[in-house]
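Visitor: Each chain is listed here by its residues.
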Amino acid sequence: MKRILFLTLLLAGGIFTNAQSDKYTKAMNANIAMLDSMMIKNNIAEIGNNFARIADAEKDKWLPYYYAGYCTSLQAMTGKDNSKKDDLANKATDFISKAENILGKENSETDVVKSMIATAHMTVDPQSRYMTYGAAINENIEKAKKADPSNPRPYLLEAENKFYTPEAFGGGKSVAKPLFEKAKELYENFKPETPLSPNWGKSTVEYFLSQYK
Amino acid sequence: MRLVLFYFLVFSCFTVSAQVRVGGTINNHKSKPLIGISISLKDTYDGATTDSLGNFSFTTNEKGNQTLVVTSTEYKPYEKEINLDSGNVNLNITLKEQITSLKAVVISVGAFEASDQKKGTVLNPVDIVTTASANGDITSAIKTLPGTQQVGESEGLFVRGGTADETKYYIDGTLVNNFYYSSEPGMATRGRFNPFLFKGTIFSSGGYSALYGQALSSVLLLESIDFPDKTSASFGVSYLSANAGIQALSKNKKSSWGITYDYTNLALVYNLIKQKYDYFRVPVIHNADANFRIKTSATGILKYYGIFSTTNVAFRYQDIDSLQLKNAFHLNNFNTYHNISWREKLGKGWRLQAGASYSNNIDKINSELQNDQNVKLELGDPLYASKNFNLERKGNYVNGKVVLEKKLFSISTVRFGNEYNMSDEKTEFIQSGGSHIPFHLKENIEALFAETDLYITNDLALKVGVRSEHSSLLHKWNFAPRVSFAYKFADKSQASIAYGQFYQDPNSLYLPALNALHFVKATHYIAQYQKITNNRTFRTELFYKKYDDLIKTQNNFGRPVAINNDGFGDAKGVEVFWRDKKTFKNLDYWVSYSYLDTKRDFLNYPFSIQPPFASKHTASLVLKKFILPLKTQFNASYTYATGRPYYNIMSAGNNDFKIVDQGRTRDYNSLSLSMNYLPNIGNTKAKAFGVLVLSVTNVLGFNNIYSYNYSANGQNKVAVLPAARRFYFIGYFISLGIDRSEDAINNHL
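Protein chains in written order, with our numbering: chain P, 20 to 232; chain E, 712 to 1460.
Be a bit skeptical, because a hint or two may be false.
Simulated pairs of lysine-lysine, DSS-like, Cα-Cα distance not exceeding 25 Å [unchecked claim]:
(1) LYS165/P with LYS965/E
(2) LYS941/E with LYS962/E
(3) LYS117/P with LYS1327/E
Calculated from the structure, these hints are not laboratory results.
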């Protein structure tokens, strides 16, 4: 009898944890599915907030903080109101630091977001801020490549940066093209570590490469 | 039956746990709906984001008492207990404004700040050095801002009717003595410090903080850089100088050190560009500096900077009292300056900033009267005899300062501390007959200060400070209250007013005094309006400055000496500054205009007059344009100032003085151009980054006259001219290891 009770408790417990992680997976999947369309639907802030809620409820998972940081940095980078960019970029830094604290280290994906955050800060006043943030943009891209050479995202960021940099500054479409191609090649072979791990950017590469045709 | 009951129970269970809708609106304190605000049930996934009307709505399966949390970067966090058992919940939430440094009004009255981080800045460090007329000199760039005068016959910043002595210089919080190279007659010398040592510059033309004293008119606050971005080496060569340096950053980025050496020799320049003086020792300057920086904790940094420099220069010029004779002036200077500072967060909202500086300056001056064969003449006439002399000045200076800052609430703070300043100056004056006249001047100033920045809302801030100083030389205390208000309007523009009292010692040039003196005093009243939007800045200031207790002098053995504090004066005016990076593509320009109405009675002035260092109208236009395909930046600046008065003041006996002649110089005009070519810009693969610099000051060759000197009998009047009508500079600078092309552009002198 005791044994049965124990078994039942164990089972019930198992089911409970299962339900819990099901809920997590489901919520994460639902939000990850919206990442690709958030630029068009203009709901980056909303999805970022969704990830932030999951992160704050779970507390010990780095991925929701990572995604919250990714969304917030993208919101800062693409926003039109310069007066809000620093605030948003600082908020994104907050999320990424939490993700790294849970991981116990930085990784290729958090480095990618840190490069995006530096870009956001820089775009507020590129002329006077390039000296401060320019180095951080490139350093984080290089760190990301080194930490995981199979990660296409640092190449995507680098390509995008070059795409929008004037030719006289060493940028331009032609300089960016091989980088987009390199990113595309890496995307073909990229296997995310888990189904919830970062896997964004492929459609962006395709969009940019279609610009060359 | 049992089964039915069971199913019923399960079913009802489900209905109880069925979804509840939580919704409502979120407004700010001004009833404006807030967009993009995050709402969540604490520790759950459930929540929403407000839409464009401030509405939100979400469903949840949670039950019982839950905490609703509202978070936003701009508003204070909001939490509320809600019960989900009694159906849908509807909430109307008003958020309170969070006072943040990003949103709050800036207390900027009187101050121009150059920094790339803080908001409300007017210039950034690069601007200081890409100003065409500046030639890499900090002060020359500051002279394109309102409030400053275009005085070219002596160094220093003459601000709002004040003398150069009324402006003081601080590096990392401590006072710098001998900020400029030692004076030479009739010329403005450059500042000793390379602009690229500093990440932030604040130029205050009045109403500044109680942390600074001993300056009646203005302070220039320089903040040194923390760590270099990377280890790098640099070399530079121009037709007047050569330099080399290294900056090394440790692997863990927790410490760095650097040294640079700079050699300047103007022989070639003076052969090519005609100078007003006849140099028999062209200026040769050696500068060697060293620094180290150590991260003392996650929040603390210790910084040291030290510089040694020697200057040797000698020239002849026409004697003013006799057309056949010449004066020969020879200056030998040794200067060393060391600054160490430490800042640290102490926890519980406390911060510490401590610093100390030491400097030693030795000037050896030899003056000779010479005939047309350049041979020394010893004449009996006291007028000519006085032109042969030796002067040796030795100065030792120590400054120490401790500031403690405590965070009060939101971003409001209180800070207090003390400052100690010791100066010990020994002057030996050896006349032609061989008689020695020694002066020894020792001064200890102790100062206590306290100040608070209070942010009542994001739109209203108040700064109140007091400073009190004791001088051992004067045996006196002073007490200087200072206060300013700033208010931000709905359109993000802001208005400020400031009031303050400022004291300083009488100028040591006129000491030791014949009678007991007290501090000289200025009172500032300033009103400011400013609007900063993306890439555009407009600001205007109205000021009134009252001078009291200025010193009066009389001649004592041929030297003006202070006799009392009976002098007085005032200055009033209006200033406008406009900077625009937006209207014209890739063109950045600023315009400044100053109107100054000032009169004073001090030194040997017989009555209150417009002083010779004050123009009524001064205006500058500065342009910067980067042309990408050419990889070149073009800079231009134009400065105009109305003529300044000049006087011949002579003794009228009984220690009275009279003006025997006076006039006004012609208006001052100067156009300067410079260009910087960066062949490797943007080439991230390049190992070396070079920049070619070319500049010309006073391109159009205006014949500017700064002032007039008079012979002893008043019969001969000689114009004081710039050192050369035009000046050209060409140089190439290279740095290895890091893309410092932008630094290098500016590091050109």
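Visitor: Hint by hint, say whether it matches the structure.
Guide: Checked hints:
For the suggested pair LYS165/P and LYS965/E, the alpha carbons sit about 23 Å apart, so the restraint of at most 25 Å is met. Only pairs whose Cα atoms come within 25 Å are accepted, and LYS941/E paired with LYS962/E is accepted, the gap being roughly 10 Å. A hinted pair counts as satisfied when its Cα atoms are at most 25 Å apart, and LYS117/P with LYS1327/E does not qualify at roughly 59 Å.
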